[in-house]
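J.: Each chain, letter by letter, is given below.
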Amino acid sequence: MSNCLLSLKDITKIYPNGVVANKGITMDIHEGEIHAIVGENGAGKSTLVKMIFGMEQPSLGEIRLRGEPIKIDNPQKAIDLGIGMVHQHFMLVPSFTVMQNLLLGEEPKKGVFIDNNKAMEVTKQLSEKYNLYVEPTVKIRDLTVGMKQKVEILKALYRGAKILILDEPTAVLTSQETVELFSKLQLLKEEGHTIIFISHKLKEVKEISDKVSVIRQGKFEGTYNTFDITEREISKLMVGRDIILKYDKNPPKYGENILTVKDIEYENDNKKILDKISFSVKKGEILGIAGVEGNGQNELVKLITRLMDTQKGEIRLNDTLINNMSISELRANGLSYIPEDRMTTGIAGDGSIADNILANRILEDEFTNKGLLAGNKMKTKTGELIEKYVVKCSNALQKIIDLSGGNIQKVVVARECSVDLQLLIAEQPTRGVDVGSIEFIHHQLLEMRDEGLAILLISADLNEILELCDNIIVMYEGEIVAYFDDKAKVSEEELGMYMLGLEKHSPKNIRRAFNE
Amino acid sequence: MNNYKIFEPIRTAVAIIIALIIAFIVILLVSDDPIGTMTILLVGPLKATRYLGNVIELFIPLAFTGVATAFLFRAKLFNLGAEGILYICGIIATVIAIKLKGYGILQAVVAIGVASVVGMLLGGIPGILKAKWNINELVVSLMFNSIFFGIGFYILNNYLRDTDQSLVASYRFVEPGKLALGNLVAGTRIHYGLILVLIVALLSYVFMFKTKWGYALRMTGANNRFAYYMGIKTFSVIVYTHLIAGFIAGMGGAVEVLGMYDRFRWGALPGLGFDGALVALLGKDHPLKALLAALFLAYLRIGADIMARSTEVPSEMIAIIQAIIILLISAERFLAKWREKQLVKEAK
Numbered sequence: 114m115s116n117c118l119l120s121l122k123d124i125t126k127i128y129p130n131g132v133v134a135n136k137g138i139t140m141d142i143h144e145g146e147i148h149a150i151v152g153e154n155g156a157g158k159s160t161l162v163k164m165i166f167g168m169e170q171p172s173l174g175e176i177r178l179r180g181e182p183i184k185i186d187n188p189q190k191a192i193d194l195g196i197g198m199v200h201q202h203f204m205l206v207p208s209f210t211v212m213q214n215l216l217l218g219e220e221p222k223k224g225v226f227i228d229n230n231k232a233m234e235v236t237k238q239l240s241e242k243y244n245l246y247v248e249p250t251v252k253i254r255d256l257t258v259g260m261k262q263k264v265e266i267l268k269a270l271y272r273g274a275k276i277l278i279l280d281e282p283t284a285v286l287t288s289q290e291t292v293e294l295f296s297k298l299q300l301l302k303e304e305g306h307t308i309i310f311i312s313h314k315l316k317e318v319k320e321i322s323d324k325v326s327v328i329r330q331g332k333f334e335g336t337y338n339t340f341d342i343t344e345r346e347i348s349k350l351m352v353g354r355d356i357i358l359k360y361d362k363n364p365p366k367y368g369e370n371i372l373t374v375k376d377i378e379y380e381n382d383n384k385k386i387l388d389k390i391s392f393s394v395k396k397g398e399i400l401g402i403a404g405v406e407g408n409g410q411n412e413l414v415k416l417i418t419r420l421m422d423t424q425k426g427e428i429r430l431n432d433t434l435i436n437n438m439s440i441s442e443l444r445a446n447g448l449s450y451i452p453e454d455r456m457t458t459g460i461a462g463d464g465s466i467a468d469n470i471l472a473n474r475i476l477e478d479e480f481t482n483k484g485l486l487a488g489n490k491m492k493t494k495t496g497e498l499i500e501k502y503v504v505k506c507s508n509a510l511q512k513i514i515d516l517s518g519g520n521i522q523k524v525v526v527a528r529e530c531s532v533d534l535q536l537l538i539a540e541q542p543t544r545g546v547d548v549g550s551i552e553f554i555h556h557q558l559l560e561m562r563d564e565g566l567a568i569l570l571i572s573a574d575l576n577e578i579l580e581l582c583d584n585i586i587v588m589y590e591g592e593i594v595a596y597f598d599d600k601a602k603v604s605e606e607e608l609g610m611y612m613l614g615l616e617k618h619s620p621k622n623i624r625r626a627f628n629e
Numbered sequence: 030m031n032n033y034k035i036f037e038p039i040r041t042a043v044a045i046i047i048a049l050i051i052a053f054i055v056i057l058l059v060s061d062d063p064i065g066t067m068t069i070l071l072v073g074p075l076k077a078t079r080y081l082g083n084v085i086e087l088f089i090p091l092a093f094t095g096v097a098t099a100f101l102f103r104a105k106l107f108n109l110g111a112e113g114i115l116y117i118c119g120i121i122a123t124v125i126a127i128k129l130k131g132y133g134i135l136q137a138v139v140a141i142g143v144a145s146v147v148g149m150l151l152g153g154i155p156g157i158l159k160a161k162w163n164i165n166e167l168v169v170s171l172m173f174n175s176i177f178f179g180i181g182f183y184i185l186n187n188y189l190r191d192t193d194q195s196l197v198a199s200y201r202f203v204e205p206g207k208l209a210l211g212n213l214v215a216g217t218r219i220h221y222g223l224i225l226v227l228i229v230a231l232l233s234y235v236f237m238f239k240t241k242w243g244y245a246l247r248m249t250g251a252n253n254r255f256a257y258y259m260g261i262k263t264f265s266v267i268v269y270t271h272l273i274a275g276f277i278a279g280m281g282g283a284v285e286v287l288g289m290y291d292r293f294r295w296g297a298l299p300g301l302g303f304d305g306a307l308v309a310l311l312g313k314d315h316p317l318k319a320l321l322a323a324l325f326l327a328y329l330r331i332g333a334d335i336m337a338r339s340t341e342v343p344s345e346m347i348a349i350i351q352a353i354i355i356l357l358i359s360a361e362r363f364l365a366k367w368r369e370k371q372l373v374k375e376a377k
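For the protein sequence lines, the chains are A and B, in the order given. For the first sequence, this note's numbering assigns the number 114 to the initial residue and increments by one for each residue that follows. For the second sequence, this note's numbering assigns the number 30 to the initial residue and increments by one for each residue that follows.
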């Protein structure tokens, strides 16, 4: 096609650890369009754009820019070619001013010195030209997330970007900020910029994009005119099924409180991260915490699991105060934890499956004899768990990193759920995992609930929350803003309103989450 | 994905071969008989029992420091302190050996025992600093190398020095013609330290791979955040790893001094501790593989010595080979392209 600006041909990316992130992706991006790339977490969207921006090299395949085959060895080359990228996690120097960040490395010079007046002028011009207002002399660390993003966009534009890649730009934004961002993107588009927009929020994709390309588990599922396709159809392509998971659940049989969180507050750098959080989880209950990422859920989990020290408030497990317990004591008292980032905290990649699947009990007497590891017992137990949790692998001594994401997660789930536990903290337990594993893990959680465990489920996936949980808490800016105990009355849309802080329950209703 | 298992050994082998090829090119430039010289370098040590003995003699201290460093590296602690500990524990063994001169086997046992314990305690210092305040163990251990050398040399110069000797050396701790650790193989200077180091390596292997403390150590090294999340007390892992490494390095210092010399003769740091890092690197932080690596390195060094004596190529040549091997093995991206191609093939 004549106006095809950037085309990817049969792009495959395999990481040195054997993970196949992208497989045979072919995609055309035309000049002046907003092109959304959608896919579930871990589908390989970020890897794909990292290759366009030169941060990763494709293992196979070809990238063409205006019909010319090009090799983008590094980000500098991408920038020289007019490609700019705004990363999900901002690449800014917090202690530098907006101006310094914008011009970093390409400052206007007077002799060997930076020409500050000129720099100021350039910054202002840039800001006016693109209608993105920033205060040049404020330090980055004092800015809101939305402002930081503007600086990032300007930074890319200053370096001459005609193609702008935005990696999940709205994940960290409030709804107003998102609206503003979208209007700016439209303006940029009208000026002839091409925008590649990564997201898994379909509503936004529908709203802003001209074309949408779908990636599922590293594979290309096609490019569509956004106008011609419904959200439901996109979601079907993304997950390869109707996104709606349905489970037949037994009615809950609640018992006494297992986890009680009372008046938790947490501050970091004088910023209140958690404010007066109180709730409880009962035996036989799955309590869900919904919320846009970064609203304090992560910190809350870290406090409950003792990865951080509680500053104010009480956390009890079965009436025992755990504020000062060590992690091993806490685990011995029946807490299990599926961490959100399995690669950095859920497994030791160099270890074998056996090393990983038994990690939470290997130091107990069961598997040791006067300090020596009981190799045979370990092997037998690992074998049992592999079978029970359907982990696909060649043998127990295989390196865990060689498994697929879904199987790695099953190892994590197997480890955390096969000990004698009372409370399970499941943080994004199915993120970036294939559909089969998702269903398997969900069934596990429901089964454990029926057996009388208390489960706290933190998830960004509303469908997961609504399907699995008995009761739901919504967190917004470090506070509990809603408590639902009758799920029939809530829809994803409604939850969304609370998650974005547009609505809030009365304090009286929120207090019901806390059961004395 | 079996190919992952064979990839690392292939990488090591390729690194060694490339290093040898470059060595050959250098020899080609300076030698009149390059093939003869290269042959001497490669097979020289096999020519005489004495030479083979030299290889084993050098192997012993390299294996001690290599195993010690393997513990640290396995726990992802980049501590290069084996050097200073080796030195000061050599001094401590000397002090005790001089006091216990004439007590037979007791002399060696007490000297090695005390030196090892002192090595353990000294090795623990950077460990506690690291565990408690997260002070960089590399910086601390390098500083301590200088400190331990300074203290050791002060003791040597002011309390142990035999002024009848022209070079810096301590008083004798054995009668002339005898050695404190005896002789294991006639016709060589191989001493009983060999048996000791093999036992230490074997115990280290068992500890690292068959005990729960070794498991905690390996997991902490593989992913310390994961280990912490699992309830492993990473604080104590860091401390006991340092203690063990210090113990082994200290023992190495004592064994080397008592096994090879009649007086303490190191007027400078001998470099054996730093070589331990190379041994651990080549041996992939595995105590038994470290033995192989130490043997390989000792063999190369003795080969180079023989080459230097019988040809015009100096033994410093070996430094080039070592440097290239270290470079290639520690370069993570080396052969990564090849590996990636293999993976692509497999994925198809």
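Note that these hints are calculated values from the structure, not bench results. Glycine residues also receive a C-beta, built at the ideal position from the N, C-alpha and C atoms. Heads up, a few of these hints could be off.
Claimed, not checked - If you anchor each label on the Cβ, the simulated ranges turn out as follows: (1) B:190 - A:415: 55 to 61 Å; (2) B:64 - A:224: 41 to 47 Å; (3) A:224 - B:341: 26 to 32 Å; (4) A:619 - B:162: 45 to 51 Å; (5) A:305 - B:167: 31 to 37 Å; (6) A:251 - B:162: 31 to 37 Å; (7) A:493 - B:72: 45 to 51 Å; (8) B:50 - A:186: 44 to 50 Å; (9) B:162 - A:441: 19 to 25 Å; (10) A:415 - B:139: 38 to 44 Å; (11) B:228 - A:424: 16 to 22 Å; (12) A:436 - B:150: 51 to 57 Å; (13) A:605 - B:264: 56 to 62 Å; (14) A:186 - B:254: 29 to 35 Å.
J.: Given the hint of 51 to 57 Å, check if residue 436 (chain A) and residue 150 (chain B) actually sit that far apart at their C-beta atoms.
T.: 35 Å, violated
J.: Lying within 19 to 25 Å: is that true of the beta-carbon distance residue 162 (chain B) to residue 441 (chain A)?
T.: 22 Å, holds
J.: Do the beta carbons of residue 619 (chain A) and residue 162 (chain B) sit within 45 to 51 Å of each other?
T.: 48 Å, holds
J.: Could you say whether the range 55 to 61 Å given as a hint is met by the Cβ separation of residue 190 (chain B) and residue 415 (chain A)?
T.: 59 Å, holds
J.: A range of 38 to 44 Å was offered for this pair. Does it hold for the Cβ distance of residue 415 (chain A) and residue 139 (chain B)?
T.: About 51 Å separates the Cβ atoms of residue 415 (chain A) and residue 139 (chain B), which means 38 to 44 Å is violated.
J.: Can you tell me whether the CB distance of residue 251 (chain A) to residue 162 (chain B) sits inside 31 to 37 Å?
T.: At roughly 34 Å between Cβ atoms, residue 162 (chain B) and residue 251 (chain A) fall inside 31 to 37 Å, so the hint holds.
J.: Taking 56 to 62 Å as the stated bounds, is the beta-carbon spacing between residue 605 (chain A) and residue 264 (chain B) within them?
T.: 45 Å, violated
J.: Between residue 50 (chain B) and residue 186 (chain A), does the C-beta distance stay in 44 to 50 Å?
T.: The hint (44 to 50 Å, Cβ to Cβ) is violated, given that residue 50 (chain B) and residue 186 (chain A) are roughly 28 Å apart.
J.: Okay, residue 224 (chain A) versus residue 341 (chain B) on CB: inside 26 to 32 Å?
T.: With Cβ atoms ~55 Å apart, the hint is violated.
J.: Kindly confirm whether 16 to 22 Å is satisfied by the beta carbon distance between residue 228 (chain B) and residue 424 (chain A).
T.: Violated, since residue 228 (chain B) and residue 424 (chain A) (Cβ atoms, about 51 Å apart) do not stay within the stated range.
J.: Note whether the CB distance of residue 305 (chain A) and residue 167 (chain B) lies within 31 to 37 Å or breaks it.
T.: 52 Å, violated
J.: Starting from the hint 41 to 47 Å, judge whether the C-beta atoms of residue 64 (chain B) and residue 224 (chain A) obey it.
T.: 59 Å, violated
Of the numbered hints given earlier, the model fails hints 2, 3, 5, 8, 10, 11, 12 and 13; all others are met.
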